[in-house]
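Letter by letter, the chains look like this.
2 protein chains.
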Amino acid sequence: MNSDMLVRITRYYRALNRLRSIGLEKVFAHNLADAAGVSAAIVRKDFSILEIHGQKRGGYEIVELIAKLGSILGKGNPQNVIVIGCGRIGKALMHYSGFEPDGIRIVAGFDSDPLVYSDASHPIPVYPLSRLEEVIEAMDVNVAIITVPESSAADCYQRLVEANIQGVLNFSPVTLKPQVIDGKLRPVVHNINIALELEQIFYEIQYPKEA
Amino acid sequence: MNSDMLVRITRYYRALNRLRSIGLEKVFAHNLADAAGVSAAIVRKDFSILEIHGQKRGGYEIVELIAKLGSILGKGNPQNVIVIGCGRIGKALMHYSGFEPDGIRIVAGFDSDPLVYSDASHPIPVYPLSRLEEVIEAMDVNVAIITVPESSAADCYQRLVEANIQGVLNFSPVTLKPQVIDGKLRPVVHNINIALELEQIFYEIQYPKEA
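So the sequences go chain by chain: R and Z. Taking the numbering used here, the leading residue of the first sequence gets 14, the next gets one more, and so forth. Taking the numbering used here, the leading residue of the second sequence gets 14, the next gets one more, and so forth.
Please note: incorrect hints may appear among the correct ones.
Copies of one chain are not kept apart here, so a pair can be met inside one copy or by any two copies together.
Said to hold, decoys possible - Think about it this way: if two alpha-carbon atoms lie no more than 20 Å apart in a straight line, the pair counts; the simulated DMTMM-like pairs of lysine to aspartate or glutamate are:
hint, residue 1, residue 2
1, K88, E210
2, K39, E64
3, K197, E38
4, K39, E74
5, K88, E113
6, K197, E113
It should be emphasised that the hints constitute simulated quantities derived from the structure, not laboratory data. Since this is a predicted model, take the numbers as computed values, not measurements.
Given only the sequences and the hints, what does the whole structure look like? Please build it.
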């Protein structure tokens, strides 16, 4: 499966969970197409590749689709996530409730500042960075979100790699790269650089695309 | 220029500004390559396409490179940005100091809640949503960041389009799409869906790439 198809499947999956939460039982390809921002033909093609078949009338059973796509997306595995760096962005993520419907749980935060990790007002436990490896193992954490300043991003990343973390979502302005471990590129790293996104938008508005 | 090359150029530009701020005057292709996460051969190829030539010894003049890349990236234009939705993520962006070196200024926030827009403790002015069009025009704003909840994202976006905004960085979970205006796709929209990024990471860690 290529990465565009993966993006679409995660979108279908999210849309299906929303539709189920408002009481729907069946869905048509064109409903999912609207939710994922693609054409109904693409939804049908994706489902055909995945060997998912609808009924002639009434569309697809939502519960069945969620189960099938969920197993493709590895929803059986633990989805515990930690946040490294509890500044404003880190705190915003710790309070964000939009992850729960996707089965993602932010289980702990880490900070190097005693004023931050001694503060009991956080919605989840916040630990000193010195306890990183211990908590990752105890809580069966696979993925970490990095929201530390640029100056400490590379060090935090190295510690996460050594603690055998499998995936990293990096909001620091440093571009983090996977390493070669047992012949594979690990961990999976997604870099989100907000300033860079804005830069690109400012560039692209000078050359708007043809419709 | 394709989008990969654009990403590289914005990275070179950011790295150059950092190098200048620590007092360097010249830079080699391999330094920029390290900063942008590519090979030196790619940097040289990009510069050759852009008709940027280094000296035989000592590398490229940083100040000249910044001027050339800056003009390619449209740095002469106003880069005033507003934030729609001053919840936790919106506030984090309003306080973020990492945009200034790139010439991006967050000039105003907007919120529908009187408790938020009457609060004088924000680092920049926060207005009621009713003043959106007026402030966009008065402050010559081209780009907006959307950090409102899912339920109001589509409405906010429509108002921004009608106020002739040119670019949108969308953090709401709704996927926003450009419209066709005068035969062009407008505005430029970048959607950042944090839950979706985490979903994809959880998927990809099941199938690590070969090195």
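Now the hints, each set against the structure:
no.	hint	result
1	K88 <-> E210	between (30 Å within a copy, 15 Å between copies)
2	K39 <-> E64	within (18 Å within a copy, 57 Å between copies)
3	K197 <-> E38	neither (41 Å within a copy, 39 Å between copies)
4	K39 <-> E74	within (5 Å within a copy, 62 Å between copies)
5	K88 <-> E113	within (13 Å within a copy, 40 Å between copies)
6	K197 <-> E113	neither (30 Å within a copy, 38 Å between copies)
In this structure, the earlier hints numbered 3, 6 are contradicted, and the remaining ones agree with it.
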